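Undergrad: Sequence:
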Amino acid sequence: MRLATWCIGGISSKLRYLRHWLDSRNPDVVALQKTFAATDHFPEDALREAGYESVVHARDGEFRNGWGVAVLVRKTLPKPKILQMGLPGQRDPGARFVTVTVGDLEFSSVYAVYGNPAVNKFEGALKRKIAWMEQLHEHVGKRSNLCGACVLAGDFNVVSEGPALPRTLNHTSRERDALDALLGLGLFDLYDLHRHRHPDIGTGFNYGFNPRQPATSRLHRILGTRVVKDQLRDAWADLEYRKAVQGLHGCTWPQSAPVIVDLSSGSI
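At position 149 of the sequence shown the residue is numbered 213 (the working numbering), and the sequence of numbers has no breaks.
The set of hints was computed from the structure by calculation and includes no laboratory data.
The structure presented is a predicted model; accordingly, all values stated were derived computationally and were not measured.
Yeah, the Cβ is synthetic: ideal placement off N, Cα and C, and Gly gets one too.
Worth double-checking, as some hints may not be accurate.
[To be verified] With a Cα cut of at most 16 Å, we get these calculated EDC-like pairs of lysine to aspartate or glutamate:
(1) K139 to E202
(2) K293 to D241
(3) K143 to E117
(4) K145 to E117
(5) K145 to D168
(6) K139 to D87
(7) K191 to D109
[Unchecked claim] Label-pair ranges, simulated between beta-carbon atoms:
(8) D294 to D124: 36 to 42 Å
(9) V309 to G115: 17 to 23 Å
(10) G115 to L210: 27 to 33 Å
(11) E304 to P263: 20 to 26 Å
(12) N180 to P152: 21 to 27 Å
(13) C211 to K191: 28 to 34 Å
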């Protein structure tokens with residue numbers, strides 16, 4: 065089974081690019097973030113033609129339709145069933161969390177709050193992000209199938225590599241502590257685990273503000289329970305899809321690259 069996450073940055077403008085990737089990489093279950101599409105404008109039909117069922121969570125009418133998250137599931141797998149749309153009692157605006165079940169697998173797409181210090185100032189932005197992360201922690205601890213096959217995949221807006229930077233959002237120790245608390249529930253960062261088993265693959269940074277320049281940080285993660293971790297076979301940042309692709313002339317590619325995890329065949 066192949067799992068993936070991609071902060072796509074506008075699914076309508078990236079649809080040709082996404083379909084090319086789906087055809088090339090053949091993932092089974094995909095978490096998307098920042099779809100920027102209203103519910104009735106999400107390209108479900110085009111993705112169904114490409115072989116995938118979609119579960120979409122948008123907040124229509126909010127800024128960029130609430131950012132938007134989605135899960136794509138290969139049509140040959142059991143049809144996805146919606147388990148959760150948004151965090152229970154979520155106070156922060158935005159469509160940032162959706163959970164489905166695919167057979168015995170519980171799979172979530174996550175887009176954590178950034179906070180925007182330009183609007184909320186640094187302390188306000190950090191407070192907003194930590195509050196959302198704590199809400200996510202509470203929900204996962206109470207509601208998720210942490211004893212079975214459970215995956216949280218997405219953009220967590222936390223950079224764990226390098227020294228903590230107390231006045232730089234995404235790099236503070238408080239944000240790292242919030243992510244560590246989530247992992248403390250019994251989740252494993254599958255890419256990071258694979259990287260430590262195979263140090264020759266490097267850090268796999270996969271995000272940067274200019275797609276034409278080298279990527280500079282890793283914000284995107286696939287977190288899995290022990291059942292999933294025990295079936296880990298491979299993991300990588302698909303940096304080939306953070307640049308122009310032959311045959312897709314004029315296509316804009318995303319700032320981030322997909323992160324892919326391969327599990328042992330038939331494991332879940």
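Undergrad: Next step is simple, just say for each hint if it's right about the structure.
TA: Each hint tested on the structure:
no.: 1; hint: K139 to E202; result: violated (32 Å)
no.: 2; hint: K293 to D241; result: violated (21 Å)
no.: 3; hint: K143 to E117; result: holds (7 Å)
no.: 4; hint: K145 to E117; result: holds (11 Å)
no.: 5; hint: K145 to D168; result: holds (11 Å)
no.: 6; hint: K139 to D87; result: holds (13 Å)
no.: 7; hint: K191 to D109; result: violated (39 Å)
no.: 8; hint: D294 to D124: 36 to 42 Å; result: holds (40 Å)
no.: 9; hint: V309 to G115: 17 to 23 Å; result: holds (19 Å)
no.: 10; hint: G115 to L210: 27 to 33 Å; result: holds (30 Å)
no.: 11; hint: E304 to P263: 20 to 26 Å; result: holds (22 Å)
no.: 12; hint: N180 to P152: 21 to 27 Å; result: holds (24 Å)
no.: 13; hint: C211 to K191: 28 to 34 Å; result: holds (33 Å)
Going through the hint list in order, the structure does not satisfy hints 1, 2 and 7.
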